[in-house]
Structures are given as structure tokens and as C-alpha cells.
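There are 4 protein chains.
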Amino acid sequence: MRIIAVVGAGAATPKEERLAEKVGRGLAEAGAILICGGRGGVMAAACRGAREAHGITVGILPGTDAREANPWVSIPLATGLGEARNAVIASAAQAVIAIGGEWGTLSEIALARKMGRPVIGLETWQLQRGGQPVQGICYTDSPEEAVRWAITLQQTVGEGQSCGS
Amino acid sequence: MRIIAVVGAGAATPKEERLAEKVGRGLAEAGAILICGGRGGVMAAACRGAREAHGITVGILPGTDAREANPWVSIPLATGLGEARNAVIASAAQAVIAIGGEWGTLSEIALARKMGRPVIGLETWQLQRGGQPVQGICYTDSPEEAVRWAITLQQTVGEGQSCGS
Amino acid sequence: MRIIAVVGAGAATPKEERLAEKVGRGLAEAGAILICGGRGGVMAAACRGAREAHGITVGILPGTDAREANPWVSIPLATGLGEARNAVIASAAQAVIAIGGEWGTLSEIALARKMGRPVIGLETWQLQRGGQPVQGICYTDSPEEAVRWAITLQQTVGEGQSCGS
Amino acid sequence: MRIIAVVGAGAATPKEERLAEKVGRGLAEAGAILICGGRGGVMAAACRGAREAHGITVGILPGTDAREANPWVSIPLATGLGEARNAVIASAAQAVIAIGGEWGTLSEIALARKMGRPVIGLETWQLQRGGQPVQGICYTDSPEEAVRWAITLQQTVGEGQSCGS
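As they're listed, the protein sequences go chains A, B, C and D. Numbering of the first sequence is given in this note's numbering, commencing with residue 1 and proceeding in unit increments. Numbering of the second sequence is given in this note's numbering, commencing with residue 1 and proceeding in unit increments. Numbering of the third sequence is given in this note's numbering, commencing with residue 1 and proceeding in unit increments. Numbering of the fourth sequence is given in this note's numbering, commencing with residue 1 and proceeding in unit increments.
Simulated from the structure, these hints should not be mistaken for laboratory data.
Restricting the straight-line Cα-Cα distance to at most 27 Å, the calculated cross-link-like pairs of lysine-lysine (DSSO-like) are:
no. : chain 1 : residue 1 : chain 2 : residue 2
1   : B       : 114       : C       : 114
2   : A       : 15        : D       : 114
3   : D       : 114       : A       : 114
4   : A       : 114       : D       : 15
5   : C       : 114       : B       : 15
6   : B       : 114       : C       : 15
Sequences are here, hints too, so could you generate the full structure?
Below, the structure is given as C-alpha cells:
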């Protein structure tokens with residue numbers, strides 16, 4: 001069973017939410033379990049898309065009350081860990097799809113890469129070191145391609161991997 | 001949706017495993033999601049029982065590799081948190097059923113009580129302070145009663161609560 | 001450098017606070033660093049004792065604001081982990097001294113034993129399995145003996161170890 | 001008492017190590033406690049600088065063995081949390097100085113910004129969204145300026161803050 005994280009800000013643009021909903025739907029249709037932070041914005045849109053396609057959605061919440069989850073989370077897990085829950089999301093996923101996003105999203109991208117999980121980016125952070133783009137994130141504009149990459153990329157990948165196949 | 005934790009040692013007696021399997025089966029039949037540490041012994045037996053009754057089982061693993069989960073975990077979450085994952089199990093559950101158990105199980109009982117979650121004990125730790133038994137754990141010999149209490153007890157309970165109903 | 005945890009409830013009796021203050025003083029005089037949950041009651045009394053003897057005290061706080069620490073914490077670390085910070089205290093200590101205590105204290109005792117750390121008990125929880133006392137906690141009435149054991153017991157101990165020497 | 005984190009990769013360039021050593025020394029001279037991940041590279045160099053100026057250094061280690069710390073850590077805390085320890089570093093610091101760095105460093109930058117902690121960058125990640133640089137990190141080439149900013153910037157800052165003063 002494939003477990004894929006969708007990460008993005010609680011305050012998302014309409015375009016980001018449309019992308020997230022398509023990604024969620026695609027993951028469910030591919031038989032993957034969707035894991036996310038369980039709150040609003042990108043997270044809620046992705047869960048909504050997944051549930052419309054009869055998928056399972058897991059919300060890794062920062063607080064201690066499962067009722068903080070958005071209505072499309074089927075398994076709300078109130079971790080009580082605060083922002084450290086972002087490390088749990090990155091660790092538990094076999095691949096991460098980042099959509100838009102603020103600082104919390106960036107932390108999930110970075111933690112996932114630190115742990116060797118593939119990261120696919122849709123309209124998200126661009127990263128540079130010494131004026132050069134950094135390798136290690138697979139960028140695309142297409143939610144369908146994002147889903148395909150998330151499903152097929154191997155869990156432990158090197159910096160030089162090819163995104164598509 | 002009700003989320004109930006089953007906690008107990010990875011090295012369990014045959015009797016403890018029989019109890020755990022009945023508890024897992026009962027939780028699934030009651031429509032609850034079973035959450036546990038995802039490893040062997042009591043955890044594996046409870047998951048096996050739940051899956052036989054077509055339930056969903058979530059394994060909150062200490063390490064970073066989902067393949068550490070027992071074969072009856074339907075959603076393995078490799079947290080990477082080590083023993084701190086016990087706090088996640090206690091926090092994410094609406095009630096905890098403890099069966100047998102060693103030190104890790106005791107930590108889950110204590111964390112659950114600290115967080116106000118009801119704890120039901122089957123053949124598990126007996127606790128005293130100043131030579132007196134401590135209130136706050138609902139003991140029973142019956143896996144059916146354990147399931148019934150776990151389903152019906154409210155999430156936030158005081159020390160003086162009544163176990164049954 | 002020896003790092004010793006003192007664990008106990010935020011709401012302590014005067015006797016427990018006197019014991020904690022003596023333990024804190026003794027640890028500082030022995031050159032150990034005191035680690036604790038950083039809050040009131042037993043934690044504050046132990047820190048006060050240590051600081052009076054010019055020791056270093058580390059407070060592993062559950063929240064995100066260092067100002068939650070008691071005034072005798074020299075290094076307040078606001079972890080933001082909630083109750084999962086108890087696992088950090090147990091892991092970071094080379095031995096644990098438990099004084100009185102409620103559920104949070106019991107979780108720290110259990111996590112420390114799970115991790116193989118020696119636990120010394122002063123007026124704290126008594127534990128039984130199957131009607132028999134459980135091995136693995138060194139009980140004493142003397143704060144001086146508690147300090148001596150905490151300083152001398154090795155970090156990784158088996159269940160059958162002898163407490164004193 | 002001011003607690004400042006220095007974050008950076010375990011595999012650092014000689015230039016990054018020189019910067020880190022100067023930052024560590026400066027923090028100690030300013031009376032701040034240095035907190036870091038406790039390992040090699042930037043972390044070791046910063047601790048070495050701080051200890052040469054008689055400062056206190058706290059190492060928040062990912063594993064369960066304090067002996068993983070570099071020799072210049074005065075208080076090694078073996079959290080057992082794995083990569084989630086990065087969230088503890090960000091949360092416990094009043095400001096973060098990032099030097100060079102790989103994915104783990106980026107996660108600490110992002111978590112610190114998410115938590116409202118000021119971040120000062122020396123030869124570290126450059127971040128963009130939609131082709132535009134992102135506000136919220138104070139870049140400098142000077143270790144002295146980095147220390148001055150870390151000491152003076154307030155803990156809770158908005159995106160539009162001015163770095164220097």
C-alpha cells in the first residue's frame with residue numbers, strides 16, 4: 001500500500017486548492033492512502049478530492065483534539081506534537097507532493113528530502129544555494145504528472161535521480 | 001469515527017494474544033479504527049483480529065521504515081520518533097485498552113491518563129501510591145467488556161468516573 | 001558529565017518538595033547537571049536546591065514559551081512537544097530520580113525503564129504485575145542515597161541489577 | 001538568558017567552519033547559550049568557538065546516546081527523536097543563525113520561521129516563491145553582524161521586520 005503526503009498551506013489560493021483537489025483525487029484513484037497535516041487550505045482540498053474518489057485520508061494534527069481536522073479527513077490523528085508533527089508526515093510518507101505553501105510546507109519539503117523521500121513540487125518553493133538551483137525536487141505544472149511521479153518514484157532516492165520515467 | 005488504541009508488549013503470552021485478538025475483532029465489529037504501535041505480540045494479535053472482521057488498523061511505528069509493521073497493519077506510519085511515538089498513540093486515541101505489557105505499555109497507560117483518555121486494563125499493571133490502589137484504570141477480565149467500555153467512555157474523564165454503564 | 005533527571009508532579013506535598021530540594025542540592029554538589037520538566041512542584045524544588053549549590057538546571061518544557069519555566073531553571077528549552085517531552089527527559093538522562101508524582105511522573109518512570117535508564121524512587125509509585133511487585137525501580141527513603149545511586153548506577157542496566165553498591 | 005541556535009550541515013566547507021567558529025565565539029562573549037544539533041561540521045565548529053570563550057553549548061542529538069555529541073558540547077541531550085529533533089532546536093531558540101547547510105538546515109530555517117523565530121543567514125539557502133525572493137531571513141556576510149542581530153532581534157517577529165538596528 002502506497003502512502004503519499006500532500007503538503008501545503010492552510011491559507012491557499014483558489015488555484016492551489018484546485019490543484020490539490022485534483023492531486024487528492026488522482027492519489028485515491030491510484031489506490032494510495034493520502035497523508036497530510038489535516039487542516040484547511042491545500043490539506044482540506046486534497047482530502048476532499050481523495051474522498052470524492054473513495055480514498056482514505058489520514059490527518060496528522062498538531063494539537064490534541066481530533067475535531068481540529070477538516071471534514072474530509074477519514075482518520076484524524078491528534079498527535080499533540082505541535083510543529084514537530086511535520087517530521088512525522090515526512091517520515092511516514094513514501095513520497096511528498098508540495099503545493100504552494102508557506103514556511104510549514106518548506107519544512108516538510110526539507111525534512112522529506114533529508115529522509116530521502118522524493119518530493120514533487122507544484123507551484124511551490126524554488127530553492128537556490130550560491131545562486132544555483134538546488135537539485136532534489138521534481139517540479140511540474142500538472143497534477144496528473146505529480147500523482148504519477150509520487151506513485152512510481154522509489155522511496156529512497158539520490159540527489160541525481162530522474163523525476164519522470 | 002471512534003479511534004481506540006490497543007497497547008501491550010511485543011513479547012506476549014498466548015493468553016494475552018488471545019485476549020488481544022478478541023479485542024481487535026470486537027473493535028472492528030463496533031466500527032472503530034484500531035491504533036497501536038504496529039509491532040508484534042499484543043499489537044499483531046489485535047490487528048489480526050481487527051482485519052479478520054474487516055476493520056482498519058493503524059500502526060504508529062518507532063522507526064523510519066514502514067516494513068517494520070506487522071502484516072495486519074493496514075496503515076503503517078513510520079514516525080521516526082523512537083519511544084516518543086508512545087505519546088502519539090496515547091494522544092491520538094479516544095480510549096486505550098492495555099493488555100499485559102511491559103514498560104512501554106505502562107508508559108502508554110500513564111500518558112493516556114495524563115491526557116485524560118480512559119484506560120481499560122486486561123491482565124495488566126496494578127498501580128499503587130502509599131500502599132493504596134490508584135483510581136483511573138478500568139480493570140476487567142472480559143475482552144467484550146473492554147471493547148464496550150472503550151466505545152462508550154467519553155474522551156475526557158475525571159479520576160472518579162465510573163467504568164461501566 | 002553526568003545528566004540526571006528529577007521527575008515529579010507540578011502539584012507536590014511539602015514533604016515531596018523538601019525531598020526534591022535535597023536531591024537537587026546533592027546532584028549539584030556531585031557535579032551533575034539536573035534535567036527536569038521545568039515546571040513547578042517537585043521540579044521547581046529540585047531546581048532551587050541545585051541552584052543554591054551552584055548547579056546547572058535544564059528545563060524540558062512542553063510548550064513553546066521559555067517563560068513557562070520556574071525561576072530556578074538555568075537553561076529553559078521550550079520544546080513545543082506537549083507530553084511527548086517526557087520521552088525526551090527520559091532519553092536524555094543517564095538516571096532518573098522520581099519523587100511522589102502523578103500520571104506524568106509514571107510515564108517518565110516507564111519510559112526511562114523502557115530505555116534502560118536506572119530509576120530511583122522516593123515516595124513514588126509502587127508497581128505490580130499479577131499481584132507481585134515489579135523489579136526495576138530502586139526505592140529509598142533517603143535523598144542522599146537517591147543521589148548516590150543516580151551518580152553511580154550505569155546507564156544501561158538489566159532488570160536484575162543491584163541498586164546500591 | 002538568551003538561547004541562540006546555530007544550524008548548519010555536518011559536512012561543512014572550511015569557510016563555513018571558520019564562520020561558525022566566529023559565531024560561536026561571539027555568542028559566548030555576548031553571554032548567550034548556544035544550542036545546536038550537537039554533531040560535526042558547522043555544529044562542532046560553533047561549539048568549539050563558544051567553548052574557547054567559556055560559553056555553554058547544548059547539543060540536541062537525534063539519537064539515544066550522548067556520546068554522539070561533538071567534544072565541545074557541554075550539555076548533550078540525546079532526544080531519541082530522530083529528525084524531529086530539528087523542531088525542538090527551532091522551538092527552543094530565541095533566534096537561529098544558519099550557516100551553509102543542507103536539507104536538515106533548511107528544515108530548521110523553515111521551522112524557526114513558522115514559529116516566528118528570527119533567522120539570520122550566512123552563506124546559506126536562498127529562497128524564492130513565484131520567481132521572487134522570499135522575505136523573512138536576514139542575510140549577512142559578517143559573523144559579527146549575525147551575532148548582533150541574533151542577540152537583539154525580538155523572538156516573535158513579523159515577515160516585514162527590519163533585520164539590523
